[in-house]
Amino acid sequence: MTAIVPGSFRDRNGRVVRHENRIFRTLSDTAYQTISEMTKTGTLEMLMSENNLWPATLKNADEVPKEIVDLSPSGRVLEHPEISFISHPYEWSFSQLKSAAITHLNLHLSALKLGYNLADGSAYNIQFIGTKAYFIDTLSLIEYNDGDYWDGYRQFVEQFLCPLLLRCKLGTPFNSWFRGELEGIPVGEFAKLARMRDFFSPVMLFHVILHAHLQSKHSDARENAKKTNLSFSKTKLRNLLLSLKNTIMALKLPAGGSSEWGDYEHDNSYTNEETQKKKDLIANFITRTESKTVWDLGCNSGLFSEAALQGGATQAIGFDIDHNALEAAFNRAKSKKINLLPLYFNAMNPSPNQGWMQSERLGFSDRKNADSILALAFIHHLVVGRNALLTDVVNWLISLAPNGVIEFVPKSDPMIQRMLATREDIFNDYTKENFIIAIERNAKIENREVVSQSGRELFFYRKK
Amino acid sequence: MKPSFCKMALLSGAALLTLTSPAYAYLDPGTGSIILQAVVGAVAALSVGFAAARQQIKAFFAKLFGKDKDPNSPEDE
Chain A
1 MTAIVPGSFR DRNGRVVRHE NRIFRTLSDT AYQTISEMTK TGTLEMLMSE NNLWPATLKN
61 ADEVPKEIVD LSPSGRVLEH PEISFISHPY EWSFSQLKSA AITHLNLHLS ALKLGYNLAD
121 GSAYNIQFIG TKAYFIDTLS LIEYNDGDYW DGYRQFVEQF LCPLLLRCKL GTPFNSWFRG
181 ELEGIPVGEF AKLARMRDFF SPVMLFHVIL HAHLQSKHSD ARENAKKTNL SFSKTKLRNL
241 LLSLKNTIMA LKLPAGGSSE WGDYEHDNSY TNEETQKKKD LIANFITRTE SKTVWDLGCN
301 SGLFSEAALQ GGATQAIGFD IDHNALEAAF NRAKSKKINL LPLYFNAMNP SPNQGWMQSE
361 RLGFSDRKNA DSILALAFIH HLVVGRNALL TDVVNWLISL APNGVIEFVP KSDPMIQRML
421 ATREDIFNDY TKENFIIAIE RNAKIENREV VSQSGRELFF YRKK
Chain B
1 MKPSFCKMAL LSGAALLTLT SPAYAYLDPG TGSIILQAVV GAVAALSVGF AAARQQIKAF
61 FAKLFGKDKD PNSPEDE
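As you go down the protein sequences, you meet chains A and B in turn. Numbering of the first sequence is given in this note's numbering, commencing with residue 1 and proceeding in unit increments. Numbering of the second sequence is given in this note's numbering, commencing with residue 1 and proceeding in unit increments.
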């Protein structure tokens, strides 16, 4: 089946097309000229090998299904390796967005050296494979002509810099605002949050406050700035990129960001032996089910994602609501070089299908690609913490993948007792019996293991 | 809606036509943002120069004390 990827509608020079499991990019005549020039001069090759440009191969018409060639005005197409899970910038942690920004700027700097500019500055052009960021939009590379500006500068500021500054300077996570706006945090809106001290911060003063001021000043009289007497040059563009890079590299998370979950690994309800047993059980299940992709819901610092990868999974995607836990998981993945992609996720309000025609950015459920899910010490937070019905939670989890592990935490567990300390226990449906009935309605319980003294129990199931 | 919307639309349309490679310009760069690029491009020469000098000084001392790689040097992930 051939399907045009909806999110690629903006660029008139090419669209992304999926054909079975192959990913193609159509090329206009102009795009084809640029790409073939970059191929001849070795520019593409160099950016792919040294600057995390996602691989792209120029294909002849006879190497590609006819329906794809028919969609391409130049009769030639690019082919990319498939990225099995597309994540959105509003699902990334601070460190991920920062790493994405540096990758974007590094690619731009190298391209500029080779005589190319970038047409945009979109965070959606970056995708993660584990912890490694790649620039995926080959057609963003355009010829650089003397005096050219970077048309994507404002977009870069709104999709990278403002969100990072929001977290770094004001301590507020960017994810909800970014998701709501979709195109980042508008510089004009962000500038309204500036405090007196921000006028003394060069990055806030220039890229945000002055930027917003100039934008509103010139929003009415739209003289073409390219025809004004402002001179611009390759050196100035390079300086702009370098200063952005230096600025972003220096951004750090605000100190003292302790959270409920960030220290989970060192402060949890398990003894070391119990944790090891839990890890082994999970690794064995992943091996037995031959799961390649694992979704870890409530992944925390990624300890059990790592166990799943040790059990033979090739890719783990972690989901968690806690920003510090996500940072910890990202650090784990980086330091241990494992293919774990931790993402911000609120189970009570997962990423929806949104954007143009509500199909530009796919939501959580429409990106299902897991062979197994892990939901460890997870469901009581939805039932006891957020009033979701136990049956709904189990049905939903089972709908996500063919196999899974769900941990049942009994009401007598100190964690649930703590949750109930300040509220009335209205959760009569939260019982092990109901939990088992709910699983067995859709799946077969393969085995179950008690993993803690408090009676926490893992249930391993396969869908019927 | 502002009364100058039509004028804006006409002007931005005209602006698009004057670009050298119209096929690529699918993004409105924004006049204010372009002006700011010129400003930052000029001002950043100072900060970039300063950062480069700092790197060189760091590298000099790192070499002096036998460290062969500066962990803060610009890197790719």
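Among the hints, a few may not be true.
[As the list claims (entries may be wrong)] Derived BS3-like pairs (lysine-lysine); straight-line CA-CA distance at most 30 angstroms:
no. : chain 1 : residue 1 : chain 2 : residue 2
1   : A       : K411      : B       : K58
2   : A       : K132      : A       : K252
3   : B       : K58       : A       : K336
4   : A       : K169      : B       : K58
Just so you know, these hints were derived from the structure itself, not from any lab. Keep in mind the model is a prediction, meaning the values are calculated, not measured.
Hints versus structure:
1. A:K411 / B:K58: violated, 58 angstroms
2. A:K132 / A:K252: Holds: K132 of chain A and K252 of chain A sit about 19 angstroms apart, inside 30 angstroms.
3. B:K58 / A:K336: holds, 29 angstroms
4. A:K169 / B:K58: Given that 30 angstroms is the threshold and the Cα spacing comes to 27 angstroms, the pair holds.
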